[in-house]
Amino acid sequence: MNDLAETTSAPIVSARGLRKQFGGREILHGLDFDIPAGRIYGLVGHNGAGKTTTLNAILGLTSYEGTVRVLGEDPYAKRAQLMENVAFISDVASLPRFLRVRELFALLTNIHPNFDQQKARGFLEGTDVRMDARIKNLSKGMIAQLHLAVVMAINARLLVLDEPTLGLDITYRKRFYRRLLEDYMTEERTLLITTHQVDEIEFMLSDIMFIRDGELVLHMQMETVSGKYAQVLVRPADVEAARAHKPIYEETRFGQTAMVFDGVDRDTLAAFGEVSTPTLSDLFVALMQREPK
Amino acid sequence: MSQFNDTQPIFLQISERIAEMILSKTAKEGEALPSVRQISADLQVNPLTVTRAYQSLVDLGVVESRRGMGMYVQPGARARLLAHERQRFLTEEWPRIAKRLAALELDPAELLANANKVTDQGSTDE
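So the sequences go chain by chain: A and B.
Each residue of the first sequence is one higher than the last, beginning at 2 in the working numbering.
Each residue of the second sequence is one higher than the last, beginning at 65 in the working numbering.
Rather than coming from a laboratory, the hints here were simulated on the basis of the structure.
Treat the hints loosely; a few may be bogus.
As the list claims (entries may be wrong) - Result set (SDA-like, lysine to any residue): computed pairs, CA atoms no more than 20 angstroms apart in a straight line: (1) A/Lys175 / B/Gln67; (2) A/Lys175 / B/Phe68; (3) A/Lys175 / A/Val130; (4) A/Lys229 / B/Tyr136; (5) A/Lys247 / A/Glu224; (6) A/Lys120 / A/Thr187; (7) A/Lys52 / A/Met221; (8) A/Lys229 / B/Phe75; (9) A/Lys52 / A/Gln198; (10) A/Lys120 / A/Ala134; (11) A/Lys175 / B/Arg101; (12) A/Lys175 / A/Ile249; (13) A/Lys229 / B/Asn69; (14) A/Lys120 / B/Arg101; (15) A/Lys229 / A/Ser277; (16) A/Lys229 / B/Gln108; (17) A/Lys52 / A/Thr63; (18) A/Lys141 / A/Leu96; (19) B/Lys92 / B/Tyr136; (20) A/Lys229 / B/Asp70; (21) A/Lys229 / B/Leu76; (22) A/Lys175 / B/Gln108; (23) A/Lys229 / A/Ser207; (24) A/Lys52 / A/Ala272; (25) A/Lys175 / B/Gln102; (26) A/Lys175 / B/Leu176; (27) B/Lys163 / A/Leu96; (28) B/Lys163 / A/Lys141; (29) A/Lys175 / B/Asp106; (30) A/Lys229 / B/Gln119; (31) A/Lys79 / A/Asn57.
Claimed, not checked - The calculated label-pair distances, taken between Cβ atoms and stated as ranges, are: (32) B/Asn178 / A/Ala271: 27 to 35 angstroms; (33) A/Asp170 / B/Arg130: 49 to 57 angstroms; (34) A/Arg103 / B/Arg130: 40 to 48 angstroms; (35) A/Thr172 / B/Phe153: 34 to 42 angstroms; (36) B/Thr90 / A/Glu85: 43 to 51 angstroms; (37) B/Thr90 / A/Gly18: 48 to 56 angstroms; (38) A/Gly49 / B/Leu87: 25 to 33 angstroms; (39) B/His148 / A/Ala81: 34 to 42 angstroms; (40) A/Gly228 / B/Ile161: 36 to 44 angstroms.
The C-beta atom is built at its ideal place from N, Cα and C for all residues, glycine as well.
So that you can see chain A by itself, here it is in the shape it has in the complex (with noise of 0.2 angstroms):
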């Protein structure tokens, strides 16, 4: 029963307090959270929210305030060393577009020494992307691919993908994260993804944390989401019984109005209209519209 094994090891991800200035302006808050192993993370939040702060803090790419411990170092001082464990791809970080692919694959054999080329060659078996072919004359959905062999052919414990379908169409996105499905999840692996398309990744995800404004306003694991938040579609007849409540968010389409409350009783809300669980997308505008304390 080795897959269904809890892990109970150290985190792969730890922050306390993290906080970035950029010019006097403070742009985190002092994040707290772990990260544990053999899980998906969503961090979903605004552009400008400190999604992409966040994850160059965790890859030692940004200096920081306070504690952030990744495979139980400290990222900014062993960036070199964690590398060789720690995987990214993100939408600003390109290969080096003049290499063929082959000649990609021969560069990181040299230089990064868990890069296994049998098992890059591996992954790109099925797709477009031809060993001969220039970086530069592959198209959007094929660099996607090569990034993500190259990334899961290092073999690392940590891989976390900002906005990495970006740009994709829904073929390439599904065909994406299916590989990483297949070929990178196991219980020793931890994923971190960013994401706009929430609504595609939102079964694939054990975990979610929504970020607004520098600051966590969500961490949460997606199996208990439906304890704590409700969605009613409220009759018409119902709207004032049921904002006694206290809804978190009110949105009124085609004169049906939908609520999401925050720990409140599903029987009683029952009484007010059809309850389900909100999904991310749902959540994600009910919890960024609420006004900062």
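Fit chain B to the known structure of chain A by using the hints.
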């Protein structure tokens, strides 16, 4: 893009699909079931969710996890599953249906007579 309904936890919906495979004999007793990884990739759901779905069937004695080999349908699984599903129907669904029939003033005997006609015409499997 939802292949799931939003009224039930995903793991339950997956375990019901696996149970469906066993009831319909798509997966026969003693045979291997799709791996956690395969279902996870096919449905694009978290592997822990699939593991949880399988665990609920292991707890029912319907599925067996063989170390390093994967998931197998237990001998006698179909009978156990049928008994379980029948029990669930009688305790959970039937009272709701009975209430609804009463509310609509429908005569169960008449409905059954019609239902038998339908299944007689369309029956293929026991």
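Violations among the numbered hints: Violated hints: 4, 5, 12, 16, 24, 26, 27, 28, 30, 33, 38, 39, 40; rest satisfied.
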